[in-house]
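Chains as they are written, first to last, in numbering that gives the first Met the number 0: chain F, 0 to 229; chain W, 0 to 377.
For the record, the hints were derived by calculation from the structure and aren't laboratory data. Just so you know, not all the hints are guaranteed correct.
[As the list claims (entries may be wrong)] With a cut-off of at most 25 Å between alpha-carbon atoms, the simulated BS3-like pairs for lysine-lysine come out as follows: (1) 134(F) x 9(W); (2) 141(F) x 17(W); (3) 15(W) x 134(F); (4) 117(F) x 179(F); (5) 155(W) x 56(W); (6) 56(W) x 117(F).
[Said to hold, decoys possible] Here are some, though not all, of the chain W residues that point toward chain F, as calculated from beta-carbon distances under 7 Å: (7) 10; (8) 63; (9) 284; (10) 292; (11) 294; (12) 371; (13) 372; (14) 377.
Values in this document were obtained by computation on a predicted structure and should not be read as measured data. Just so it is clear, CB atoms sit at the ideal spot from N, CA and C, and this is done for glycine as well.
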Amino acid sequence: MILTATKISKSFGEAPNQTYALREVSFAVDFGEMLYIVGPSGSGKTTLLSIISGILRPDDGDVVVKDTDIWKLGSDALAGFRLQTIGFVFQDYHLFPRLTTLENVAIPLILRREPWEKSLAEARKTLQIVGLAEKESLPPYKLSGGEQQRVAIARAIVAQPDLLIFDEPTASLDGETGRKIVAFVKEHILNERRAIIIVTHDSRIYEYATRIIRMEDGRIVPGAGADHEK
Amino acid sequence: MNGLLRIALKLLLNDKGKFATLVIGITFSVFLMMQMTSMFSGILYQSAANIVNVGAKMWVMDPAVQTPQNSIPMPDYVLDAVRSIPGVKFAVPFYVGAGLVKLNDGTYQSATIIGLDDASLFGRPAIISGNILDIYKNNAFIMVKDANYAKLGSPKIGTSFEINDHRAVVVALAHTSVPGLFGLPTLYTTYNRATQDLPSTRYLISYILVQPKSTQDIAAIERQVKNLGYLALTDQQFVARNDQYYEFQTGMGTNILIMTLISFLVGLSIAGETFYMFVLDNLEHFGALKAIGAKSGELIQMIVFQSLVVGFLGFGFGVLLSSTMIAIGKMRIANYAAMVTYENLFLALIMVLVISVFSSYIGIRKVIRIDPFDVFRG
Ligand SMILES: Nc1ncnc2c1ncn2[C@@H]1O[C@H](COP(=O)(O)OP(=O)(O)OP(=O)(O)O)[C@@H](O)[C@H]1O
Ligand SMILES: [Mg+2]
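Produce the entire structure from the sequences given, and follow the hints as far as they go.
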C-alpha cells in the first residue's frame, strides 16, 4: 500500500454550528492505482484529500504514507514530506503569472534545492512529456485552459512524486479537453511506482478510473470501492 | 544564487509597476533625507570655518560665546593670565570682526576681518601669491581668494579700498580650506592693525589662541581659565559647541530633524503600502508554494530578500540623486553649504533598513497566516 487512512474524522466550527466534514473515514490506496473520489458537493472530498496529503490536520485518525505516519511529523518535516512525496494539481492551478511556464514547472525542484540549471533542464523534459515544449518561455496566462492544466500536471510530476493528488482537474475545462487530459495522465503519468488520487464531479471521465470511492455526508458509501478497471 | 531567492527576485522584477513604485518611493525618501541632513552638515561645517582654518589647538573665550560667528571681546589682562598658566606653551590674541569695505566704485560690502598676532602670525592662511611678510607693511591686508573674492571686485595685489574709513591695500592672496557660511569675503591683517582700525568697544581681544605644551595639559588649562571667569575649549570642543548651538538653539536642527522624519515616513508609507499590495497580490502563490512544500522560513527569506532588494536599490539611487544635486549645487552656487557625510549615509541606510524591515514584517505576517487548505479549496 502506498497510503492507508484509518478512521479519519474532521469537523469545522464550534457546536451548535459544528459541521462534521468527515466521520471515521478509512481507506487504502495501492501503487499503480488511479483512484477517484466522487460524491455530492459538501460530502467532504476536498477535506479528505487535504488530510491525506498533509495539508489539513485531522481531529482524529492516522494517515500512513509509505510507512510514515504523517500527522506525527512537525510542520517543517510535514512540508518536507509534501515536497518529497506528493505532487499537487490544484483546482485553479495556481501557476505564477510572473514566471515563465518553464520556471513554474521547475518550482518543486527549486524548493528541493536542486541547482537552478538542472531544475530547468528537468522541467524542460517534463514539458516535453506534456507536449508543451515550445511554450516554455511564455507566461502561463498566455496559454489556453487545457494547456495550463498540463503545465500544472508537469509541475506536479517534475520531481517524480509517489502520490499525485488532483482536485477537480477538469472542472474548468470543456468536456473534450478534460477527457483528453485525464486519458493522457492515465497513459503517460500513471505507473507501478506511484498512485494517483482524483476528486471529481465529472462523470464523463469516470471511465478512466481504476477504482471509484463514493462519499456522502462525510462517509464513504459502503460497497463503492469496486474496481472500475477499463 | 539560491534558486528560491532567484524566484523571489523574478516575482519582484516582473511586477514592473510595483517594483518601480517601491524603488522610486524609497529613492525619493532617501533623496529627501540625504538632502536635509547634507544641508545641515554643510551648514555646521561651514559655520565652524574659522575654527578649522585657524587651526589653534585651544580657544579661550567669554563663556557666553556659542559660535565663532560672534565673539565677546575680552580685556587684555586675560591674555597675560592665560600666558602664565602652567602647561600653556604660548597664547596669542586673535581678532575676528566685521568690517565695512567701501570699494573704489563707491559701493559697500561687509567683510570678515581677522587679526593675527603681530609677533607670530599664528593662524595665518596659506599664501597663494604675494608674501606673508608684507602683512607688516602700511595698511596691508591679505585677501582670501574663495567664492566671495569677487564681492570685493576681485582685487589684485596692490588694489586698495577703504575699510571702516581706513585705507587698505591688498598685499597677498591666500587660500583657506573651509569656506564660511555667510558669504562674506575674508581679509587678514595683523592684530594691532585690526584692533586700531576697526572696533568700537573698550575691549579688543576676540579670542585667545592657546597652544598647550602637551595634550595632558589641556584639562588643567581649561580649569584655570574657568577660574579666571572665561572658557577654554579645544578646537573640537568648540566645533561641538557650535554644532549644538545650531542644532538646539536656532530651531534649525529641530526643523531638519522633523523634515528628515517626514521624508522617512513618506518613504515608509509608500514602500510599506506598495509592498503590502505586492504581497497580497502574490498571497495565493505563496500559499501554493506552502502547499507544495515550502517551509515558512523559506517564504520569509523570499520576502525579506525582496524588501531588501528594493531597499538597497532605493538607497543607491537616492544617494546618487542627492549627491548629483549637491554636486550641481556646488558648481552653480558659491559656498553652497551641503555635504554628504558618512554619518548622513549611515542614517539614511538605517532608515531604509527600517523601511525594509517594516515592509517585510507586514508581508511576513500575511504569509505566515496563509492556510494552504484555503489554497487547496480554491
Ligand atoms: N474551513 C472550513 N470551515 C467551515 N466549514 C468547512 C470548511 N471547510 C469545509 N467545510 C465544510 O465541510 C464540509 C465538506 O467540505 P468539502 O470542501 O470537503 O466538500 P467537497 O466534497 O469537496 O465539496 P465540493 O464538491 O463542493 O468541493 C462542507 O460542509 C463544508 O462546508
Ligand atoms: Mg471540493
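Hints and how they fare:
Our distance criterion of 25 Å between C-alpha atoms is met by residue 134(F) and residue 9(W), whose separation comes to about 19 Å. Distance hint between residue 141(F) and residue 17(W) is fulfilled; the C-alpha atoms sit about 21 Å from each other, no more than 25 Å. As the CA atoms of residue 15(W) and residue 134(F) are separated by approximately 22 Å, the hinted pair is consistent with the 25 Å bound. The suggested pairing of residue 117(F) with residue 179(F) is violated, with an alpha-carbon distance near 30 Å, which exceeds 25 Å.
Restraint check: the Cα-Cα separation between residue 155(W) and residue 56(W) comes to about 32 Å, which exceeds 25 Å; the hinted pair is violated. Note on residue 56(W) and residue 117(F): the hinted pairing is violated, with a Cα-Cα distance of about 67 Å set against a maximum of 25 Å. Given the 7 Å rule on beta carbons, the hint for residue 10(W) holds: about 5 Å separates it from the nearest Cβ of chain F. For residue 63(W), the shortest C-beta to C-beta distance to chain F is roughly 66 Å, which exceeds 7 Å, and the interface hint is violated.
For the restraint placing residue 284(W) at the interface with chain F, the shortest Cβ-Cβ distance is roughly 5 Å, inside the 7 Å limit, so the hint holds. Residue-level restraint check for residue 292(W) holds (minimum Cβ-Cβ distance to chain F is 3 Å; threshold 7 Å). Interface restraint check: residue 294(W) against chain F, minimum CB-CB distance 5 Å, threshold 7 Å, status holds. The criterion of a C-beta within 7 Å of any C-beta in chain F is met by residue 371(W), whose closest approach is roughly 5 Å, and the hint holds.
Here the hint on residue 372(W) is kept, as its CB sits about 5 Å from the closest CB of chain F, short of 7 Å. The interface hint given for residue 377(W) holds, since its Cβ lies 5 Å from the closest Cβ of chain F, which is under the 7 Å cut-off.
Hints 4, 5, 6, 8, counting from the list given before, are not met by this structure.
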